[in-house]
Amino acid sequence: MGAIYIDPVIRRATVNRDECVECYACFNGLSQEHLNPTVVRTMRKVFAMLRLRFEPEPDVCPTAAFTPEDLTWPRVVRRAFSDPRVPHESTGVEGRGTEEVKTNDVSGRVVAGEVGFTIEFGRPGVGVWFRDIDKATRRLAAAKVPFEKKNPVTTLLKNVETGEIREDILDEKIMSAIVEIKVPVSRTEEIVRLVWEIEKEVDTVVVLGVGARCEADGDETEVLTILERLGYRPQRAKTNIGLGRITNKGAEPVRRPESVGAR
Amino acid sequence: MTNTLHRFGDAKSFDDDFVIFAIASRGKNDEDALPRLKKFLQMAIPFGPVNLGDARNGGSLRPCKSMNPTSHWDRDYKPDFQAVVDGLTHMTTVAAVFDSRVKAEDFVKKVKEADLGLSINISTSVEGADQCCHAAGIPRHSVGYSLGFEGKTGKLPNEQVLTVMTMCGHGMVAQSLAKKMIDWVKEGRRTPEQAATYMQRFCSCGVFNPVRAARVIKEAAAGHQH
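Residue numbers (our numbering), protein chains in the order written: chain H, 1 to 263; chain S, 1001 to 1226.
Hint data in this document are derived by calculation from the structure and do not stem from the laboratory. Errors might be hidden in some of the hints.
Heads up, simulated DSSO-like pairs for lysine-lysine below, C-alpha to C-alpha not over 27 Å straight-line [said to hold, decoys possible]: (1) S:Lys1179 / H:Lys45; (2) S:Lys1109 / S:Lys1012; (3) H:Lys200 / S:Lys1039; (4) H:Lys249 / S:Lys1152; (5) H:Lys144 / S:Lys1179; (6) H:Lys249 / S:Lys1039.
Note that the structure is a prediction, hence the values are computed from the model and not measured.
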């Protein structure tokens, strides 16, 4: 993200708050020593004067300089979509996505004849502003595409019929966000072509995930054939091997999850 | 979240990358899921994973919040798999990462026998997952294809950096760190294996594959182009 840089004027590490997506990787990912900052700076200056290269472990913050701050709305949205460890309760928004086909064997989210799309903006490591996601959700809503109800982006839509995202978060930048939709297989090509159009309008990277139910023998050719016709040769996939079963007492058998917006 | 799906590389580059994860579904099979998730992790250890993790607490190598300056010369680079099992306290996604198809196949067979009732997914090449299912005699239930990165791809780093950094799908491995580690190995300042561990510690769910990372870093440092 490049949010942390050495300010040439004060010659100290500084966080660019516009670019920072509040992923907390600096705080959570770095190991910490708790050395005196004055001593550390003095040592570095001495080494520099002697033209010696100071080469500590690269994942250690010697002074434990990073301190998490209490975020308030709307900035807290950045953390909800950037820090995978964030307690979801703080925002009411549950992470960046849902269980999608990962639990399809017990949820029945995507059944035969359907295709589930995860359209992720900002990944890998580029980030995305909500104003760009707003452009995408409006285009999808205009195409009468229903949004996955439990998806975090859907919860931030002001109007699911128009795809408008609430205005107070449009100037927030996040690590990435996943828009989830589900359509009949017959609309697969239309959706892919629509995403290609959206990609021209947003200032970030996009990655598509396409989920499908396999046939009884484990084959999946219906959706793959369409993707190949569109020029894709999927190299990697997440494969649900179907070992899940309903074990909760009183749980209903496979239920069709809800979508919202156009049908 | 699709934190293991969109790794960069062609199918061949996933020959040493098999992420097998277990997840319970809310309201369907989450009651008493914690001991079953723990069992999944514990069962993985004898099969020789290269990483093990849970989405709340991290992987088998974690950052230390109270390091001593002497540890720069005496740092422990060994993964602690049992700590991952013992540290699982909440229901979440758990994962085991393997560096060979044979290990992955054997583990999938074991998971099938254990009949945990949890949803089990394999994240690797399309063919690799199909072969694991075939070896265990399981037809695939559902598949989620990754179609690769599109849009303003000019904002992305080179392929080798991209290959390494996308092994943390949550984006916790910065491209600048991945690039720096490749440079350090190129300059002989760290081994590929050491460089991989620095990045592994940033991955907050334990799906980073240090063996694949070390291989890619080694190739990059040797000047091989992808």
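Note to self: Output the indices of the hints that this structure fails to meet, ascending.
What the structure shows: Hints 3, 4 and 5 not satisfied by this model.
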